[in-house]
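Asks: Modelling step: build the complete structure from the supplied sequences, incorporating the hints.
Which chain is which? The protein sequence lines are R and V, in order. Going by my numbering, the first residue of the first sequence is number 1, and it counts up by one from there. Going by my numbering, the first residue of the second sequence is number 1001, and it counts up by one from there.
Derived by calculation from the structure, the hints in this document are not laboratory data. Glycine residues also receive a C-beta, built at the ideal position from the N, C-alpha and C atoms. One or more hints might be untrue.
[Said to hold, decoys possible] Per label pair, the in silico range of CB-to-CB distance: (1) R:Ser73 to V:Gln1081: 38 to 46 Å; (2) R:Thr80 to V:Ala1083: 35 to 43 Å; (3) R:Lys14 to V:Gln1081: 24 to 32 Å; (4) R:Ala72 to V:Ala1010: 22 to 30 Å; (5) V:Ser1085 to R:Thr80: 34 to 42 Å; (6) R:Lys55 to V:Met1094: 20 to 28 Å.
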Amino acid sequence: GAVVSQHPSRVICKSGTSVKIECRSLDFQATTMFWYRQFPKQSLMLMATSNEGSKATYEQGVEKDKFLINHASLTLSTLTVTSAHPEDSSFYICSARVRTPDGYTFGSGTRLTVV
Amino acid sequence: SQKIEQNSEALNIQEGKTATLTCNYTNYSPAYLQWYRQDPGRGPVFLLLIRENEKEKRKERLKVTFDTTLKQSLFHITASQPADSATYLCALDMKNNDMRFGAGTRLTVKP
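Replies: Below, the structure is given as structure tokens:
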């Protein structure tokens, strides 16, 4: 089945530094990837839609200069949290799907802790 | 306003019983409705997709119903097992690839 590989699974960084999270589709090409954030016991909140070869589309209230998304190839999308602050600590997850309609394949998630 | 509500935050049942989880939504018109399982610290795993013109779908011990008039989906796990313990998320899949998730129901199946 389709696999989305997400790295790192956990990262602890100091306040003010930047962190890059990678998502790769291993056995299919993903022209579109979705990035979510999830706080404890809360729903997945869509942050942005990443499109290969073009600019990402951000949800209302998500700062595009803070959460930089790059989708340079059909198999790789990255999310960079710039100048991270403790309030950015969360669980970040990416997803993509092989075809529509179909279920989405999610990465295993990245637990970001900013200290 | 647009809302997706899953009936309860937590549901505890005895092994062997049927678990029934509810997803209600308002002011959305999904083309499909999906159910996912999420274990702690992991990404969601896709379980089932049901289209707006389908009433019911089954996969092994899982059954999903979709009532677009009531704006409700029911998710059933029959002959539940402790290994079914997880959080289950419903997701509305709109025609434009827009996906919206409910907050999930944490199911615990006790032996």
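Asks: So, for every hint listed, does it hold in this structure?
Replies: Consistency of the hints with the structure:
Under the hint 38 to 46 Å, the C-beta atoms of R:Ser73 and V:Gln1081, about 41 Å apart, fit the expected range. The hinted window of 35 to 43 Å between R:Thr80 and V:Ala1083 holds, with their beta carbons roughly 37 Å apart. A hinted range of 24 to 32 Å for the beta carbons of R:Lys14 and V:Gln1081 is inconsistent with their spacing of about 44 Å. Range check, R:Ala72 to V:Ala1010: Cβ separation about 42 Å, and the 22 to 30 Å hint is violated.
For the pair V:Ser1085 and R:Thr80, the supplied restraint of 34 to 42 Å holds, since their beta-carbon distance comes to about 35 Å. Between R:Lys55 and V:Met1094, the C-beta spacing of about 21 Å keeps the proposed range 20 to 28 Å intact.
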